[in-house]
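Student: Here is how the chains run, residue by residue.
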Amino acid sequence: MEKNIYAYKCKRCGHVQYPYRTICRNCHDNDHNEFDIVPLSKKGKIVTFTHLYNPPSDFETVCLTLGIVELDDGNRVTCQLNIPKPKMGMKVAGKVEVVRKDEYNKYYGFVFYEA
Amino acid sequence: MREVYVAGIGITSFTRLEYPLVEIAAYPGLMAMKESRIKSIDQLYVANMGASRANRQTGLASAVIDHMSLTPAGAETIENGPASGASAIKQGFLGVASGMYDTVMVIGAERMREVNNLEATDIVASLTHPLVEYIYGVTLPSLAGMFARLYMDKYGVTSRHLGMVAVKNHKHAMDNFYAHLHEEITLEGILDSKDALTNNPMVADPLRYYDCCPVSDGGACLILTTADIAKKTGKPMVRLAGVGQATDTHAVQDRKNPTDLLAVREAAKKSFAMAALKPKDVHVAELHDAFTILEIVESEEVGFFEKGQGHIALQEGYTKLGGKLPINPSGGLKAKGHPVGATGVGQAQEIVLQLRGEAGKRQVKNAKVGFTCNFGGFGNNVVCLTFVREN
Amino acid sequence: MAIDLEKILRPVDTPLPEFPAKYMILAGSEQLVIRQVSREEIPDILPYVEPLMHVERDYYDVVAARVYSELLAYYNYRVQDEYVLVAQIEGELVAVVNGRIVNKDVGMSLHTLGLRRGLRVGAHAFAAKMEYHIDILGQKEVLIVAESPIGFRRWMIEYKLEKRFEIPHELGGCPSWALTKNLFDKARNSLIVGTRPVPEALLAKAKAAILAPSDPPKQAVDLLAATRSLNDSTGTILLSQRTKLRGK
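So the protein lines, in turn, are chains S, D and H.
Taking our numbering, the leading residue of the first sequence gets 1, the next gets one more, and so forth.
Taking our numbering, the leading residue of the second sequence gets 1, the next gets one more, and so forth.
Taking our numbering, the leading residue of the third sequence gets 1, the next gets one more, and so forth.
You may find that some hints are simply not true.
Stated by the list, open to error - No more than 30 angstroms apart at the CA atoms, straight line, and that leaves these computed lysine-lysine pairs for DSS-like:
hint : chain 1 : residue 1 : chain 2 : residue 2
1    : D       : Lys368    : D       : Lys324
2    : D       : Lys194    : H       : Lys140
3    : S       : Lys45     : D       : Lys154
4    : S       : Lys87     : H       : Lys160
Just so you know, these hints were derived from the structure itself, not from any lab.
Can you build the whole structure from these sequences, using the hints too?
Tutor: The structure is reproduced here in structure tokens:
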């Protein structure tokens, strides 16, 4: 089953925020958990990126390509880029995959590929 | 609010220290008490970030106050990431200004090198947003790398400019006994020569080895008091005139404008407003150059230069010792070192030294107004301080 | 009689091509010369390695003690097919690297010892060693172990060395890792550094004399600081030792 990452839509004012915040950044007027979940778009373009040498010890690779992508719905996400030569502004399409593993858990997040 | 003065300062070498964290904290306190001849205090604030993980010590301030035999004075540990130091100074300032305390000691101390490098990087990486940044393997250098790439693209900053910051700060640190690195580097060695890639490998493209500060242990101390008590020390009167703090979104992706550091801008504004001064009044500054790109950007955001002009000013030599506005005369975080909790207090110690006229070879002539910027997280919590020499 | 005994005790060295000297520019624009030294120069190096045997951090003491013994054995003809390279800045010794040739296809990397505090010659020196084994001697692989975690990260992880755990390394029998010709070729850009030939004057200065390191790693100022928290949680033993040392 295809996984999604969700943003949070305030039930009072309709403002969509990602990541989760307890209080709506727009109206500051919501009650506890008064949000609807909205799946984030999986298409966007690269805002910036880096190649991180010496990534944290749980990663087996020597180099990790990370980026910030602006999605078509306006939200920005930090993500891993499975793209050998990324460029700023490049159009990308993403999937939700395992991005990090430690001894006990798998963590899911966005991995973007060239669109 | 009463006026707050700096009566005493102290610092350890910023390097790899083999002493327990509590001693690293106590030593500068001892130095400050000796130079100010103050024997008792009303309150202690200890700034630290990693003690609970790296050193297995929680309640650090409680340990330090007993270690220094200053009980029953009050003591609190302040944790604000890399901005812990200036945050603790802010608390000390409030204590004296409000009239609640007459003498407050602020100590910053850190001993990250008790654990290995990978563990230390992970402790610092815990500053990032757990759900949208940390899970991807984001560490602070990678955030700085992404930010640097944006800045280079928008304003034309190049690797050469970043190298210039490192060369400048390393040169300044050669005259600073307490600095971590006493290593003169050249642009030829780190960028131009064909061996540069081995000397200066990529860490987080486009940031390289010499664009990132070292991991240091160290401690620094400031004693803040009322005017009367400070006068008794016989030292030049240095007043903490302005304190400003501001925050921004936790995840770097959510910043309004990816090339802005709004928290720096806002905190500096508040600090100058309280001191009733302007950026152009500043004679010497210590900015938070954990990554060389940050010195350039902060120099613009606090108001010294127009946005996008910081690297031009650097190129023209404005910001080196002897220039129009020396930045990081101590060597900055890049060369003096970055013991996370102690950095903010270390920056203040350098500024006080400069304003007193005691900075020796690093002295900025006739420095009367000094400024520090302590950058927490990756720009999401910033504290700026303005110091003024009176008399 | 004495000559015959020596013939038995002394291993016969395989004739090997010399390491062609090269130089590189360091971060502060210093010129680093890496060259091979012969047995005659070993006595010049030994007094600079000896003080490091007492520096109890970063495994300097272990590495220096082992290097000292390897150099001494080389000088006294009691080890087979060892080579020693030195790195010098203005004639001053800043690093010693050594290794052995096990057979024509397999090399054994021994040590890399840095003699100037803070200077990052480890990377250059290690690369020179690997180049010697793979490129100049034409070997198929080099066996490597690391005493220090820093070495482990920089070599094993960064170059993705292959595990050869069934082969005990000469240094203490620890499981070995191997840099194969394949891996070397992949990392060629970062492993072949520096320039040849070395300008005559620079090489002459390096060959003229091996000068003392100007800023070697030193023992901690407080002799007992390094062990304080590890071995003595009460601090009382150390305090009494210290008063004895200082004669108070």
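Student: Give a verdict on every hint.
Tutor: Evaluated hints:
1. Lys368/D x Lys324/D: 14 angstroms, holds
2. Lys194/D x Lys140/H: Holds, at about 28 angstroms.
3. Lys45/S x Lys154/D: 17 angstroms, holds
4. Lys87/S x Lys160/H: 27 angstroms, holds
Checked against the numbered hints listed earlier, the structure breaks none of them; every hint is satisfied.
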